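Kindly generate the complete structure, drawing on both the sequences and the hints.
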Amino acid sequence: MNPHPSSCSNGRSIRTRFARRFLRALKKIGSKGSSSRPSPRDISWRCRRVKIAADASMASAVGPRRVWSRTMLNMLRSRSHACLHASRLGNSRRPGADRHAVGKRKRLVLKRKLPNRLGLNQVNQLRRLVPGGEAMDLDILLDETAHYIKCLATQVKVMRSIVDYCSA
1 MNPHPSSCSN
11 GRSIRTRFAR
21 RFLRALKKIG
31 SKGSSSRPSP
41 RDISWRCRRV
51 KIAADASMAS
61 AVGPRRVWSR
71 TMLNMLRSRS
81 HACLHASRLG
91 NSRRPGADRH
101 AVGKRKRLVL
111 KRKLPNRLGL
121 NQVNQLRRLV
131 PGGEAMDLDI
141 LLDETAHYIK
151 CLATQVKVMR
161 SIVDYCSA
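For what it's worth, UniProt numbering labels the leading residue of the sequence shown as 1, then goes sequentially.
Since the hints were derived computationally from the structure, they do not count as laboratory data.
It is possible that part of the hints are untrue.
Estimated spans, in silico, between C-beta atoms of each pair [claimed, not checked]: (1) S167 - P40: 20 to 28 Å; (2) S36 - N124: 43 to 51 Å; (3) G119 - C166: 42 to 50 Å.
Taking lysine-lysine and the DSS-like style, the derived pairs with C-alpha atoms no more than 30 Å apart in a straight line are [stated by the list, open to error]: (4) K32 - K157; (5) K51 - K28; (6) K28 - K157; (7) K27 - K51.
Remember, predicted model here, so these are calculated numbers, not experimental data.
Even glycine gets a Cβ: it sits at the ideal position worked out from N, Cα and C.
Now the structure itself:
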């Protein structure tokens, strides 16, 4: 049973809302570009901005009904506030960037040592993939995962349509 019947049943409206928001964000990204040949740093910046715009557009198109969309919007807001604060202090690096690399190495070592018991590792991997999944019960996690996958598929379809339209 789906506790959010209206969130998936009208996929076309989610697709339309996402497309509008995403195109608006792309227009802002494009207007900030210079007329000269972009540097590799500019290209990298634009790629990050497009990814953030796609994530934010999808999460806001879904709205606050879903845990993953609320979590994603909160993460994007807190990341933008942290980057803004760091740039005001003169530090353009992302806060905690060094800590992340060390933690990743530790997790890789731990993964090799832990046996896979009754699929718990797969569930924990799923929890890490779905925004906000760390705090979900299994049944809610599976429902949110299904919705998140549908929204990602919608995101890909819309982005492909935009590319097809622009390259025609």
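Hints, one by one, checked against the model:
no., hint, in the structure
1, S167 - P40: 20 to 28 Å, "holds (23 Å)"
2, S36 - N124: 43 to 51 Å, "holds (47 Å)"
3, G119 - C166: 42 to 50 Å, "holds (43 Å)"
4, K32 - K157, "holds (26 Å)"
5, K51 - K28, "holds (14 Å)"
6, K28 - K157, "holds (21 Å)"
7, K27 - K51, "holds (14 Å)"
When held up to the earlier numbered hints, the structure conflicts with none and fits them all.
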